[in-house]
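Put chain B with the ligand on the given structure of chain A with help from the hints.
Sequence lines, in order, name chains A and B.
Sequential numbering from 147 applies to the first sequence in our numbering.
Sequential numbering from 303 applies to the second sequence in our numbering.
Hints were generated in silico from the structure; no laboratory data involved.
The C-beta atom is built at its ideal place from N, Cα and C for all residues, glycine as well.
Possibly wrong hints are sitting among the right ones.
To give an idea of the chain B side of the interface with chain A (calculated C-beta under 8 Å), a few residues [to be verified]:
| hint | residue |
| --- | --- |
| 1 | 404 |
| 2 | 407 |
| 3 | 414 |
| 4 | 639 |
| 5 | 642 |
| 6 | 644 |
| 7 | 649 |
| 8 | 656 |
| 9 | 657 |
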Amino acid sequence: MKVVIDAELCQGQGRCFSIAPSIFDFDDLGSGFVIGDGTLSPETMDLARLAQANCPEHAIFIEESP
Amino acid sequence: MTDKPPVLDFATDFDHTDPEWVSDPYTIWEDLRQRCPVAHTDRYGGAWFPATHAGVSAIAKDTVNFTSRDVIVHEGRPTEEDLPSPIGVAPPITSDPPFHKVARRLILPAFSPAVVNALEPQIRALCATLLDDIIFEGVVNASMDYARLIPPSVIRQMLGFPEEDTEMFIKAVHLITENVDRPQEERIELFEPVEAYFTRQIEDHQENPRDDLTTFLLNAEIGGEKLALEHVFGTMILILVAGIDTTWSAIGAALWHLARNPEDLARLVNEPELMPVAVEEFLRYYAPVTMARLVNADMEYLGCPMKEYDWILLGFPAANRDPTVFKDADKFIIDRAENRHVAFGLGIHRCVGSNLARMELQVALEEFIKRYPRFELANEDNVTWAQGQIRGPRNLPLRILR
Ligand code: HEM
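For reference, chain A alone in the conformation it holds in the complex:
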């Protein structure tokens, strides 16, 4: 499974990188981005889901890896 941020939807609310700094980081404008390729392990899955559940813009998606 992979986590991605839809850059069109992200408005820089800042919730993901506060909740899960090991998975998300922020750029100079304060927008969130996924660190690395976003592949989730069983250990990081719950944290990614928690960040997703706190994004007011619904900009975080968890997808099947290809």
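Leaving out everything else, chain B with the ligand in the frame of chain A:
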């Protein structure tokens, strides 16, 4: 307020300055959600108020049908002449696309998490000093003597204005923030001394550039050109108007809550790691900021016959209490893990200062409860709340317990 007739039905004649709304808007909003859910009023020349998360979200994200050219509801229908161009008086909050993005990108880097995180030690020291300065006589006015003084001092520091001007700066700022809903002519007059002070500061920064927000704005460029001085000035005023009463209200409301809920206060004292989660719940439950939009053209929207330049009162605080989005929406749950609150707005106008505001709120609470781990309201009847689009306690006497 006395000159206004009382509201009999908030569904058809709402007024956000009515004493009932000011003292407890939450009951009104829940009632509206159940039977409207978009309220209307002929007051202010005509306005709509969506009480649901879905309604607020749709309008906040729809910059085609709604404009931000005026974001504070005031008397009278605006006409084309009253409304500044799509750039607006205070970019980016009063700007629409496409200019909005340009004005916003300009200031985002100055409020990025990296910049804000670096301010933490200064903000903590400021809070400690303010607490030292309170002459302790058993009761502390936590709003006037603490919460109120934090945001302007932080902004003064960021703008790089002299420390000895702090008191004067705070007075000037409140002159602006308390009169945003006055007619334009009155505001211009009231702002004259502020304008003179800002102009002096801008000149000083032009002569002696340094590492601060004023110099940053003076050096900023759009399309290879420096900003017009009015743009620099407008952005400074916006930062004052947007960043001060709002954060003051958030800090005050959180302290009010803790004074009335000793079990939540004890949890924060005993489990400091809970603070970031608690801060989000304070922001959801006591969201201080309601914005406005204007309808761009006659249309049917959310089932309502909207007319060009009708006001929309955009209640982010009401959206935060919608039970279809938040479980037990009317309960304050200090460790609420899933919290998609919209206290900082939704869509392209998301609060530029949200990282800073969160930091101020968190640090202000941490320092206060470190100094005073037990307190209660000294007199419930003496607590007063701000009226208008920013909601928070203005008078907040707390009795410190040993
Ligand atoms: C708890 C404190 C605060 C709350 C609840 C809050 C809330 C909001 C909200 C709801 C908006 C959206 C406006 C809209 O949709 O029309 C907004 C915009 C804005 N806020 Fe804040 N704010 C706070 C503190 C601050 C601070 C500290 C600053 C800066 C120093 C700031 C600067 C701004 C700016 C510049 C905008 C305009 C953004 C744009 O239009 O793109 N705010 N704020």
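Now for the hints, and whether the structure bears them out:
no., hint, verdict
1, 404, "violated (13 Å)"
2, 407, "holds (7 Å)"
3, 414, "holds (5 Å)"
4, 639, "holds (7 Å)"
5, 642, "holds (5 Å)"
6, 644, "holds (5 Å)"
7, 649, "holds (6 Å)"
8, 656, "holds (6 Å)"
9, 657, "holds (6 Å)"
Of the numbered hints given earlier, the model fails hint 1 alone.
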